[in-house]
Amino acid sequence: MGRMKFLCDIERCIDCSGCVVACKEGHHIPVGVNRRRVITINQGKPGEKSISVACMHCADAPCIAVCPVDAIYQRDDGIVLVSKDTCIGCGYCFMACPFGAPQFPSGQVFGARGAMDKCTFCAGGPEETFSEKEKTLYGQNRIAEGKVPLCAAMCATKSLLAGDADEVADVYRERVFKRGSGTNAWGWDKAYKK
Amino acid sequence: MKKLILPGCILFWAMAALAIAQSQGQLLTSFSPGPSTAAFHEINGLFTGDWQQYGQLFTSLQSKLFSQIFLLVITVVPLIFLLHYIVIGPMVFSHEGKQVYYFNLFARCIHWVAGISFALLVITGLLIIFGSWVGGGTLPRSGRIVHLISAVVFSGSAVFMLLIWAKDMIFTPYDFLWMLILGGYLSKEKKPVPAGRFNAGQKCWFWLATMGGAAMAVTGYFLYSFQGSPDTLRLSAIIHNALGAVMVAVFFVHLYMSLFAIKGAIHSMISGYKPEAELKILHPRFKI
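Sequences listed follow chains A and B, in order. Okay, so the first sequence: first residue is 1 according to this note's numbering, each after it adds one. Okay, so the second sequence: first residue is 1 according to this note's numbering, each after it adds one.
Bear in mind the hints are in silico, worked out from the structure with no lab data behind them. Using N, Cα and C, we set each Cβ at its ideal position, and we do this for glycine too. Among the hints, a few may not be true.
Listing some non-contacts, in silico: residues in chain A with all C-beta distances to chain B over 10 Å [claimed, not checked]:
id, residue
1, A22
2, K24
3, G26
4, I29
5, V33
6, D76
7, D77
8, E127
9, E132
10, E134
11, K135
12, K147
13, D164
14, A169
15, R175
Chain B side only, calculated, beta carbon under 8 Å to chain A, not exhaustive [what the hints assert, rightly or not]:
id, residue
16, E42
17, I43
18, F47
19, G136
20, R144
21, I145
22, L223
23, F226
24, Q227
25, P230
Far from chain B, some chain A residues (derived; all Cβ distances over 10 Å) [claimed, not checked]:
id, residue
26, C16
27, L137
28, G146
29, R173
So that you can see chain A by itself, here it is in the shape it has in the complex (with noise of 0.2 Å):
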């Protein structure tokens, strides 16, 4: 069984938030929910670099070591997905998370959250494949379809890489080998000859 990763080439990234724009729109995701956002260092300046986060689909995830009703849980290949019919919203899966990933929507009695939303890696969620309820509820499931996530299958420049780890790595070292990485890599020296 493989090991499903996401994996974004900080080189190649350039920011267009075309991830971001094809999750939101690929899984109607309500307003104020982002499964994926690009982040920018040195905007504007020189050495500027994006990346592109989601869900890291981590082993061992805090979330579900800290959800108090078990709502959030791990396939065999890696993907954390979370049961809404279980979530209460409490919010300690979005605290635990060092990457931001859970997000919830809000407009619910009382101003309470909803129940959480996050990255599915293009799995849907623990309702029948392919049902209208996992579609309402989770978006696609592309996984089952055999398809690579949105967000990389769409990305142009193909710095976000999506699917099994050793395949991912392997796609990434032999860019590395040929291109190199940080000081060593193609850039603007090199096309400017300079």
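Given chain A's structure and the hints, the job is docking chain B onto it.
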């Protein structure tokens, strides 16, 4: 004046050229990328912040310790009381003799509003902590709503409790003596204990319920509204849970004392009267 224009222009262009040359140099050198590790270091700062500080603390506490502490509180504390009831037994006072008016109607009303809302807070709070026992979903989710409403009601009544009882609840030197003998509850003898209108135990409970209640209200506001930084939320959750465990334990003490340990003590909160025989032993310094 005209003599100044040409040198002025020359100076201006020289300065501009210098500035461009300087920035050009900077631009050219700085476009060479820095090491990836440095970039990741910076990204991690934005990304996870100092998760290691409170995030890790919260995760390790919440994953096991808090629910274990609460489990201990709701099992061991009642067991200790059962043991106390069997070994030492309750204090029994005659309710026949002279009765003293102890709690007026307003105080009793406030007490019961606070009492019922607090009981609901405890029940729904435990429902959230042990939510996995009922499989999550609707029950603990509605428990959260009840928790919020009860919290608002209790906060209101706690303000009134402060107003009507605070001056009787100020600690006095003999409270220390009361604490040393644990209010005489560890012996079967009925000797007068050093206590005024309220004993040291009641005072502790009062200040825990009001001041601790205020702390619970503030941290609870953060937890419910999700206002504030993740670190504020993590600290709030830690304080809310730790203080909650203490308050639940002391709430059980209060329940045991009023319902079992002193026979018929609960009637003083219903009718407002306490028997004089009880006051002579438990509140001898109270001036009738």
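Exercise for the section: Could you check the structure against the hints above and give me the numbers of any it violates, in ascending order? Expected result: 24
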